[in-house]
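Engineer: Here are the chains, one letter per residue:
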Amino acid sequence: MDLSTTYMGLKLRNPLVAAASPLSQRLDDLRRLEEAGAGAVVMFSIFEEQIHHDAEALDHLLSAGAESYAEALSYFPDVGDYLVGPERYLELVHEASQALAIPVIGSLNGVSNEGWIDYARRIEEAGAKAIELNTYYLATDPDRPGSEIEQMYVDVVTAVARSVRVPVAVKIGPFFSSIANMVRRFEESGARGAVLFNRFYQPDFDLDEMDVRSDLHLSTPMELRLPLRWIAILYGRVNLSLAATTGAHSGLDVAKFVLAGADVVQTCSALLKNGIGHLRTMLQELESWMTEKEYDSISQMRGAMSQRAVANPAAFERANYIRILEEYKSRYAIT
Amino acid sequence: MDSRKIVIMDGNEAAAYIAHKTNEVCAIYPITPSSNMGEWADQWSAEGRTNIWGAVPTVVEMQSEAGAAGAVHGALQTGALTTTFTASQGLLLMIPNMYKIAGELTPTVFHVSARTVASHALSIFGDHSDVMAVRQTGFALLASASVQEVMDMALIAQASTLESRVPFLHFFDGFRTSHEVQKIERLTDDEIRAMIPEERVLEHRQRALSPDRPVLRGTAQNPDFFFQAREACNPYYERCPAVVQAMMDRFAKLTGRSYHLFDYYGAPDADRVIVIMGSAAETVWDTVRALNRAGAKVGVVRVRLYRPFWTDAFIASLPASVRAIAVLDRTKEPGAAGEPLYQDVVTALGERAAAGRLPFSLPRVIGGRYGLSCKEFTPAMAKAVFDELAKPEPKNHFTVGIHDDVTHTSLEYDPSFIIEPDHVVRAMFFGLGADGTVGANKNSIKIIGEETDMYAQGYFVYDSKKAGSRTVSHLRFGPEPIPAPYLIESANFVACHQFVFLDQVDILKYAKPGAVFLLNSSPWKPEEVWDRLPRRVQEQIIEKKLKVYAIDGSRVALEAGMGSRVNTIMQTCFFAISGVLPREEAIAKIKAAIKKTYGRKGEEIVQKNYRAVDMTLEHLREVPVPSAPTSTREIPPPVPEAAPLFVRDVLGTILAGRGDEIPVSRVPVDGTFPTATAQWEKRNISLFVPVWDADLCIQCGNCALVCPHACIRAKRVPSEALAGAPEGFPSAEWKDPQRPGLRYVLGIAIEDCTGCALCVEACPKKSKEQVGRKAINMAEKEPIHERGRRHWDFFLSLPDTDRTELDLSLVRDVQFARPLFEFSGACTGCGETPYVRILSQLFGDRAIIANATGCSSIYGGNLPTTPWCTDAHGRGPAWSNSLFEDNAEFGMGFRLTIDQHRQFAAELLGRLRDQIGGDLVEALLHAPQRSEAEIEAQRERIAELRRRLAPLNSAEARHLEAVAGHLVRRSVWVVGGDGWAYDIGYGGLDHVLASGRNVNALVLDTEVYSNTGGQASKATPRGAVAKFAAGGKPAAKKDLGLMAMCYGNIYVARVALGANPRQTLQAFLEAEAYDGPSLIIAYSHCIAHGINMQKGLEQQKLAVQSGHWLLFRYHPDLAAQGKSPLILDSRPPSIPLKSYAYNETRFKMLAMSRPQDAERLLQLAQADVARRWQLYQRWTADDAKAMETPARA
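If you're matching them up, the sequences are chains A and B in order.
So the first sequence is residues 1 to 335, counted in the numbering used here.
So the second sequence is residues 336 to 1528, counted in the numbering used here.
Here chain B stands alone, though its shape is the one from the complex (with noise of 0.2 Å):
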């Protein structure tokens, strides 16, 4: 037998490698967190990696989650060994499927890293409220609570359906386990052999459909028959739990590792024991340990198969002492008598007990939830839930990890009680996404799990921004295996990789007494750093004890070549003070795995980090600290006094990493949040910010138009207005003949400013004296802050431009217009942005918005701050996200609400003509709404009409109030990403556009699935790498637009903001000015790309100049007047495709990796634009044809 190995891995990876190793059909599609599943399947598989039979596995990516069950199901059918991943609503879409596979009892495992269900906000975080809400299906359920047990249960369940002809699922939580890192054994292909029965597999062949023996499955069955044939799987069922036990019994034969259905652990006489499952049961496990220690009598179950639940092994696993249980669910079951393993325990006790076979007395049950939305739960919490137990009276269906001061279900618990033994390294690092510490801390890891004896365990948090966002890392290392998969509350290393974050959160209170610190001290030299610290800081160093290093990071990473990344710098410092391993042999080591890490890209990387580990051993320095604090700089609060209440409390609570103390007294009962909270956040992530030059600009309104954080605006004002400004406001007059007089404004958000510098690339005026200077031009932030801030607060203060003086469809105009989204937490320099915020800008006011999951529902819609705002009368748009799926259906259904209030209140303004005027009632419903100045006018009749049905004592009267806004034009806009539009939604796009209503769709094109780290969709284009199509997308890009064309009655643009902002514009008013269905397929430059964002106005002209992005506007109105409907606003492609394509990574990595089928592909992508243009030529053509002869005729 080969040996086994020890690696360090992510619960993700351990149950990827275990399924690849034992099928042969992957069906797959994206979903947080068990993406990097497939993302592992998909990769092994491209590098012809086999399974235990010496076949690669098919990795095959669906349309959506019910799409990869649906293949999973035939595939199944047809003989494969087949597997799948999935998490929570793309569990909830394969269910269905479940209810097939499992009544046609097909040996299958689903593997699922298990994540909160979306109920009155979505998590992309672990609990079980997915895999519950399939407990029903058949499925057997097997659950992991480690690493380790993830790559043990996977097989031991892949041997177990086989086994038992029950199909299982294998879950583990989300996140916690999913992308935990820690040390673990891995199963050699020997003992995966061992314990795959293979008569079974050639068992599960021969049921397979062929035409060779052939059988009907999937027949429909009547009253007389059905039920008794859905009571004919029992017996499986009954044998299941006892295969399952064989197999966990044979496994612990091959490696030494015994688990059981129901694992019991702690005193043998104890009186009080915990029934859990998943990741928290290590954590009971543990603090079960500290308690017993401490001369407790308490125990826990933890519960590995759930499904089919034995009872008969619960009972068994229990001790004859036991006299009080709490079940604790990481799930909420709203309404339920209790949630479900709680349930099952209390029927199996309850059963038993009433037989007359429960081999001890009844002991008291306790259910409480925990955990929800990977919520912590820590052994002081579980200590709560002990002490709960020992009460007379303990709480029945409590909770315990919040605050619940509303129906008091939560438990008290003492955050002071930590179990974690001294010898444990706890480090927590706080860097930037952007300086690479999570990579770097990763790396450590590896360094120090695969090189020493010592067992290592690494977690990261990452903040809800994606543009200068935080990231927490959790390491841990001892000399034992590490069950605490909970954060770190006490670390004896703390580490501050941004000098900023000191003003930001409360770092230090995690640092034990005596713990030592080390600080990226720049721009400060360490030398001069003592006296620059928050007064906070600085006594909680003394306070402490803390031994303090510092290093001018930044500047080390600068003269080292490595750019703002400092990972290298504070890696070597960790391993330099920390003492984990011995300093040269780490050193050396760190080397080691820098050549490991870069080598494949290129000596240059690879010799250029090496330089950063010399010179920071050169410039690491101790702080010495003084016995007093000297500083009188104070922490500033989260979000401004000015703040509403709800932002000071709630969410500046949740800004100050607070979140977890929020009571549930103060949060929203039903997932309604104010708007126009994005403001409070100023987040200055930015060192470089634009910088307007009055006398140069020519007020174009580029600058405003192309902004994607909304940080640029421009106001024309009266000279009056500026009476008050601050010093050195500027100010230009207007340059418009026919509006004399007035001062021209250019306000800028520097606080909210990401640095993305398109404001500049955008802007076509040029110093005549300089030409390399502009009329926008970026320049350092420090020396300017505060002056900028006073600028741009008394820009806020000056009044809107009048909408109804606008032109909509001149830049030039549209930059007076209030954007009504702002200061998201998009990438910097995002491409999707600029077209929401002109969504905002133009039709705002009276728009309301579908939005589907993805980058857009995230910087749309995440807490704390979201970006959605109102104008100066408190209207903007209202927006919601449902789901990824049905987001066209969703905004459909808007419309109907709309469509149908509209008519109602026809219908009462008929019958209330009399009282409320005939005038007034024929223009409400008749006159023209098609200006900024009729709907004004419409607004002012509703108000008239309001006035009117005050005094009205009626029924009618009162609902036409209620249904009276409707009266103005609403614009329905359902928004999302190419995923949605042309993959998982499409079904539901193509009905809604089908369907004829006003529903207006903006389809946000990236051409890879952004949100969940660069998947292939439908539109991603030939060549182009992307995940789950590493060997470059083979297949041309879906044309959505010409499929929307077909109808005949749907108004569909292709805009590109980069090439052409008046055709983006024409596109968006005319769009929304069709009375019925229309679809604006907007290139959006991405992250994802692998470009600099600063060039992606750039890369969205060549992509149109190329004729990879054909810009058009099919209008169907234009039929009618005996024009051809279609009008192409592209030029023909004047440059070759690859002067487009190879300025992007994501073509360019195929041509440095695999030059052959590069070149190929870019041919046959070439040969598609040539293709593409001729048939859209041909269409104008023949449309205008088409459209001549009715007219002779």
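In isolation and in its complexed conformation, chain A is listed as follows (with noise of 0.2 Å):
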């Protein structure tokens, strides 16, 4: 049975992919994802809030209280050169590369025009087969019409796709007035790839603190109709490759979205719950279920279930799978 796919133009063993996922963070992890048979794997997304953040962090904790007073002039030794912001993702990303056989794709995630598209070139550098570009953008400002938005996602997407040789694929969040539209026009603006959907930190009130919290469930196999419909929609009608995400926990899940015309299958939530061995049980499933329907490869498969639907609703704040940044400094006190 041949379950060979091709994905942006790279030739994987499998439709499987691991999506970015605290599962790529270790490179133990990354080797256990290849041998459990994945295809591809997506390492976990380095944000553009990070970048900028970590390396600001760094610099004002380590200088807070020095050169104030004569006996502590500095509180830290000079311990040489910081991992900071994406040099650690950069050494994993090399490391990954050269110990994987299957494609290291590069996760990026950011959504504005300022220097850290440059890390996309980096990326590549450090052995990345593709890029993934993670955009999504929280449109709070009621004199900001869709169009300026829409575009603003299309320039980031150039520059990106641009600034690199390998492809890049563009993960998108369900929720535009036009998601044909916007796919139509990521691929002319350079994409290879469209991988839909993203899944958002989504605002919770926590009513004993009266607070605000902000966290990520794990996705439920329910989920996997969003994407599963819009993989459907598109395929055919624009020409760079499909990937779905969300929803995928099962054998059967993944060949539900590759009858709807998926390229490749991401799945993340399904490993973070059953560990990473999961991933060679949904490919046995998977197997199982094509050697009963009688398919022989999965190519014959692609698109067999493609359909057109609608989707359209609404967000409440950028977020993404970044981790909660901490406040570095008080606003108030100079140090």
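For the record, the hints were derived by calculation from the structure and aren't laboratory data.
Note that the structure is a prediction, hence the values are computed from the model and not measured.
Any given hint might turn out to be false.
Unchecked claim - Some but not every residue of chain B turned toward chain A, in silico, with C-beta under 8 Å: (1) Gln378; (2) Ala769; (3) Val773; (4) Thr932; (5) Tyr933; (6) Gly937; (7) Ala1365; (8) Ile1422.
From the three backbone atoms N, C-alpha and C, an ideal C-beta is built for every residue, glycine too.
Each of the two chains sits in its own frame; use the hints to bring them together as a complex.
Structural biologist: What follows is the structure, given as structure tokens:
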């Protein structure tokens, strides 16, 4: 049985891809993902805010209180070079791409058109075979029309795609007036793949503490329906690769996405919940189903159940998988 | 041979450089100003840098200087080339080993940044009192006068000690040389090798203790033998000076820099000569040059090798024409016939004259003291000494640099005598510690010194406060070496980096006519700043014809994303207008320096600084100066008129930056100062202050409990008391049905607040309509400044709440207990001071406190103003600092006196029973004093006793009056940090706790040596990065509490105010009430943890939740009641250690620099947590079981 697939020109042994998650933070786990059968791995996301924040926080905290009092002109030893912001990330991408035979896909999360885009190039240099651009902007300004926001997305995709030679996939949320049109525009801007859909931190209220809490729950198989619908709609209408993400918990879910038209299916929550070994189970389930239904290959299945639908909910805050950034300095004290 | 490199470094680095190159073992202990030498050595070894034999030296931190000296002695005895770095009390702690090392003729060099030895007061600054205190040990003493000399003499000392076998102490002036940044030549490895006699190194190893060729040292000798054995070393000492001179000659051949044991400079036919050593020799040298150019005939002998003192060389150094000599000592030896160097010179001349071997007639010799504790010594003062020598009857045993109007020792001098040439750029920068001024200036020196032919010098003056501290940078640049180890008095460039300084210091008095004045005009724009200047400043600008430039620097900093750091901006301005370098070249070099400095912290930081440079050039403006002043604003006095005379006259003068002018007559003779002086220094360092919402407040007292600077206080008063309240004075009904009709008021000292916002963090009450708003919120100070000041004054005028009504185990009640520790100079958001303040609130009116040297002794007792204060009755903590190492013993001495005097009082009461009255005597001796009310009743009894004693005419009555105060239960506290309790003072603390005496120890555990800049202590947790633990501390934190509990009769508690304030109060009250020794270990978040200090309380919570910090109380009295004495106040660890640790830079920086090591240490530390929890839990259970068994039996 031929499980292989092609994603943005990359030949993968099967369509099951480990999505950006904490599981790609350690080389050992990355190796285990490969051993369990993953067709490719997407590294965890490095965030635009993180890049800015980490460097500034380190600089501030290492120098706070220094050169102020004669007995304590500094508070920390000079320990040499720091792996600030992207440095550790780039090192890990490099190590992973050396250690793994399957493609390693770097993931960059940001939305502004600032200097961080340069990191896409550095991720490429570190050995990533593709870049997944994870982008989401929370439009809170009532004076800013949607068209402007859409253009911002297009600009950032254009900038990233221009800065690297490897293919770039755009991972988006479902909150566009016209998803199909946006995917088409991303394609025109140089994107070679679309990843549907992102999930975000959503705010919740802690009624004991009277505080806003923001965290991420693992996805459930029910959540597969939204990307399933859109993959099905887009299949055949756009030329870029389609990746499904969110809600793929079993081999049967993978089968559904491929039938809808996905080139690859990313999974994350199922592995966090059941362990990395679950990936092997999912592949076995997929194969059993394909055997039962007498499919010989993935390419034979792809798009077999594609169809049309629409969806357009609203959002609350720019979030994603970014960890909550601690405030690293007081707003008031001069230190 | 590799070529010598021109480098910019300070004296400490220069000494450490040679020490690290020429040694195998460094045993160290931090002490200002020498700590940096050990830190450099440690860092270089951590980086794998090798000595000249290709080995990486071992650097080990010991528990004290005594320990370091012991380790040095041992390493030397076993054949390693070994060194140490120290100063002041540290050197004194090494004395016993120094005798041994010298007595055993062991080659070593101790590098000492000479510092004042504490006497009437501690001082971290430089003089020779420490090195003079070891001149009798048998160590050779070699002095360096400049940073270049430090590098050179360090090597000459190392070579000489190996060649002579006499151990050497190489010293240079603390701060003045140890911290002065100079452009120097770094010696090459080849040069160092060429100086070190290899065969002597091998001989040293050959003499080592070895079981292969065993010998015995350290014998005990008797009268028949000891004396002659002591004299046996004489040939080595006789030979030593010649060895040093030979090494100096070898060095001269190698480098071209020539030194002599005594270096004479001046007119060959000079009649007046100054003899001096240390950095001031440079000043005299330069003064001699200037005076002789003007036709004088004077000279200076610079003493290099002070011990062994070689009379021949000294006499030979003097010109035969000499008629009068002044010997200047940077130390004071009260009661001596003269200071040490003076005595040696007199002896040398006298001996030779008496023997008829003096090649010239005996000159008159006078001695004088100068420069104690880094007191300025300027060319004007050197000239005054020469002038004195010219007098027919010159003053002997004089002082210079102060005004002694009591014993009239001081020489007059003319401060306008300035010899610095105009082509030397002399720039002064007034900045805040927090704005990065010093760092930027160090950068500028590197730029100019390393990339141009100019010589550069930098020296930095800091103030005595840790929060909002002011810095003054003194930078000189010129075409020749700069022999000016004194502060700039006449600057051709003056920069003021904070507008508010113009109201606090007379900055422009340092500007020479025609100088450039650069001002950060924020909050004003350059165009509007002129009219905002105080009138005096305008007058100075006009009179001195200053060229004025201004930039709205703080706004530019904010827009460039630099926050409050104006450093890069003001540095750019300096280069743009000072003309030191061509502008374009200067800007390019600044950018290159930025890349070098910040590159390792990430490209973002580099770009941000580049942006700041570019924006600066767009916003810098020249300010047109009108012909007449326009301002009507006068500079306010440093302290208000209402302050006591001593505060106004003495402390106020220090505050105004004119402390040098205070004459001897106005100084306390024995180091005794009034308390309660911090209240007069309104520092106004925060732009944001808390504002109370009286309607929303639930009156819990949390804000007052956590305030590190005692700026938030509460009172409950009858409504009538508020009759005269100023407009808008907030109050609320006191929410206590038991006490209806009272008003609750919260006072906020906005002028003393440092803006930490811990109060807001601690406030539990959120607005129902707007949950982000609390009952106390930060607000901009400026709009509410005047009103806030009036409100605070009125608040102070309201009566304090009666202590006898309070239950001090409740946070809600403690807020009403008046703090007797206020407005200290501690860091913004300090984690220690809330505990200290709580101590003062609970027991302050009967407390006597011994405070170990460290942060708490500095914010507790550093002049000018101090925070310990008094209540409405004039009672308050009596406080003293003895040393770092002896604090527990010092406090135990308090207890011994109190117990002795109480016993004596009891004896006298018995003897005078009939006159005083039996009932009163019984009550005085036996009435309980557990509660505040009972203590108050005892005070009334003592007052009655005094009334009854007054008419009695007997010695016994007078003695009883003198000791009667001790009949009130005294609260004896020994307070200090973890460096004291875990390391240097542990032996003493252990002994005092074991003594069973009623002494309470409060350990403010920041888990690091905070005061000296973050060196690891045994309290440092595993995996945290600290100096001397740059790779993360490998070993687990010492469990001091557990060790104390093992005695069984010590009350022990571990507390964390941010995690459980109630338990903290309970522990303080139980410890104090326990009639025996007690130990409280208090988690104190610290700036050295690398945290947002506003989140300090949150970190305390996480420390407890993660199990890093277990809360417990061990109460020996419970055992007597058949209960387990150990009460675990913590719940089982509920979050991973990482969730606590990785909020702190001290842990996270390891993850960012050595991720694998960080992960390994974190795992071990997590295992520590589990093990600790099990151990404590088991102890609780086992104790309970153990208690049960005898009960059943």
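Engineer: Identify every previously stated hint that the structure contradicts and give their numbers, smallest first.
Structural biologist: Of the numbered hints given earlier, the structure breaks just one, which is hint 4.
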